[in-house]
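I would like the entire structure built from these sequences, with the hints used as guidance.
All letters in the sequence shown, in the order written, are residues -20 to -1, 1 to 238 by mature numbering (1 follows the signal peptide of the UniProt record, and there is no 0).
One or more of the hints may lead you astray.
The following label-pair restraints were derived from C-beta to C-beta distances [as the list claims (entries may be wrong)]: (1) G103 - M178: 31 to 41 angstroms; (2) L74 - T153: 31 to 41 angstroms; (3) K80 - V174: 25 to 35 angstroms; (4) K60 - G148: 17 to 27 angstroms; (5) Q132 - T153: 21 to 31 angstroms; (6) D64 - T177: 30 to 40 angstroms; (7) S59 - G116: 41 to 51 angstroms; (8) Y194 - L74: 22 to 32 angstroms.
Here are the simulated DSBU-like pairs of lysine-lysine, each with C-alpha atoms no more than 35 angstroms apart in a straight line [said to hold, decoys possible]: (9) K131 - K75; (10) K170 - K142; (11) K142 - K154; (12) K142 - K80; (13) K183 - K131; (14) K142 - K65; (15) K79 - K40; (16) K60 - K80; (17) K75 - K65; (18) K65 - K80; (19) K51 - K40; (20) K60 - K131.
If you are wondering where the hints come from, they were derived from the structure by calculation, not from laboratory data.
Keep in mind it's a predicted model, so treat the numbers as computed, not measured.
Ideal Cβ placement from N, Cα and C applies to all residues, glycine included.
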Amino acid sequence: MLGVQRVVGYLALWALCAQSKPTEKKDRVHHDAQLSDKVHDDGQNFDYDHDAFLGVDEAKTFDQLTPEESKERLGAIVSKIDTDKDGFVTEVELKDWIKKAQKKYVSENVARQWQEYDLDQDGSISWEEYRNVTYGTYLDDPDPDDGFNYKQMMVRDERRFKMADQDGDLLATKEEFTAFLHPEEYDYMKDIVVQETMEDIDKNGDGFINLEEYIGESWPDPAFHSLMPRVPLGVSPLKHLEMSRVGTQLDDQTGSPI
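This is the structure:
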């Protein structure tokens, strides 16, 4: 358990560190936004943690406060997290608070986009409405110069939209539209989350994710790849990693233990 004063101290540090903004990262049209749309890199700053704990809108407010004001405001928030009022914040209480912030973020994100896509304001969003707003101008250019394949992205979004559309009428209710934008929040959407993740990481399209593909997705910096050991011919990367862990040396050509 964490004492309230200690928690306030940590969170005040987050508030101070949240001033520098990370460089925006290009991504496909829809990604699985969770606690924040900022880059989660504590080595650079704590902006993501700031949003996750406070909520996006509240975090923006904190950016305008002095350190003293931030500490006072955070103290009030910690009192809300400490639901049993014992003067400590438990791991369970902190998790519950972050889940609450996550649900609020998802709800507010869907509400903003709902206004943009429900063009006829009939209380539902059709696939045609979504497609026209999102891809209408891009599909007029068969060869865009920004490096994105918009036709392929549209096919993926249509597949996800149909998966979220539980009654199959191609008209998304607000709940179905939420499942479309945030599939990670719904059990019945888990298959599409796994499928899209596989497609993104499986660069050679063989239906499997090898160690090189996984590392390339998790650590895209090429400088990191040079630190990886050479894998002998005929040995899977995972097998080589396992044997290296126990100190077994392998022949570079045959892959046999030396």
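Structure-based check of all given hints:
1. Taking the beta carbon of each, G103 and M178 are about 35 angstroms apart, inside 31 to 41 angstroms as hinted.
2. For the pair L74 and T153, the supplied restraint of 31 to 41 angstroms holds, since their beta-carbon distance comes to about 33 angstroms.
3. Between K80 and V174 the CB atoms are about 27 angstroms apart, so this pair conforms to the stated range of 25 to 35 angstroms.
4. One distance hint, 17 to 27 angstroms for the beta-carbon pair K60 and G148, is violated here, with the actual separation near 42 angstroms.
5. The hint said 21 to 31 angstroms for the Cβ distance between Q132 and T153, and at roughly 27 angstroms that hint holds.
6. Under the hint 30 to 40 angstroms, the C-beta atoms of D64 and T177, about 38 angstroms apart, fit the expected range.
7. Distance hint for S59 and G116: a CB-CB separation of about 49 angstroms, consistent with the stated range 41 to 51 angstroms.
8. At roughly 30 angstroms, the beta-carbon separation of Y194 and L74 lies within the given 22 to 32 angstroms, and the hint holds.
9. Restraint check for K131 and K75: the C-alpha separation of about 39 angstroms exceeds 35 angstroms, so the hint is violated.
10. Between the alpha carbons of K170 and K142 the distance comes to roughly 14 angstroms, so the proposed pair stays at or under 35 angstroms and holds.
11. A hinted pair counts as satisfied when its Cα atoms are at most 35 angstroms apart, and K142 with K154 qualifies at roughly 14 angstroms.
12. At roughly 28 angstroms between alpha-carbon atoms, K142 and K80 fall within 35 angstroms of each other, so this suggested pair holds.
13. Restraint check for K183 and K131: satisfied, since their Cα atoms lie roughly 18 angstroms apart, inside the 35 angstroms limit.
14. A C-alpha spacing of about 46 angstroms is found between K142 and K65, which places the hinted pair above 35 angstroms, so the restraint is violated.
15. The hinted pair formed by K79 and K40 meets the criterion: a straight-line CA distance of about 19 angstroms does not exceed 35 angstroms.
16. Pair hint K60 plus K80 holds up; C-alpha atoms about 12 angstroms apart against a cutoff of 35 angstroms.
17. Of the supplied pair hints, the one linking K75 and K65 holds, its CA atoms being roughly 16 angstroms apart against a limit of 35 angstroms.
18. Our distance criterion of 35 angstroms between C-alpha atoms is met by K65 and K80, whose separation comes to about 18 angstroms.
19. A C-alpha spacing of about 15 angstroms is found between K51 and K40, which places the hinted pair at or below 35 angstroms, so the restraint holds.
20. Only pairs whose Cα atoms come within 35 angstroms are accepted, and K60 paired with K131 is rejected, the gap being roughly 47 angstroms.
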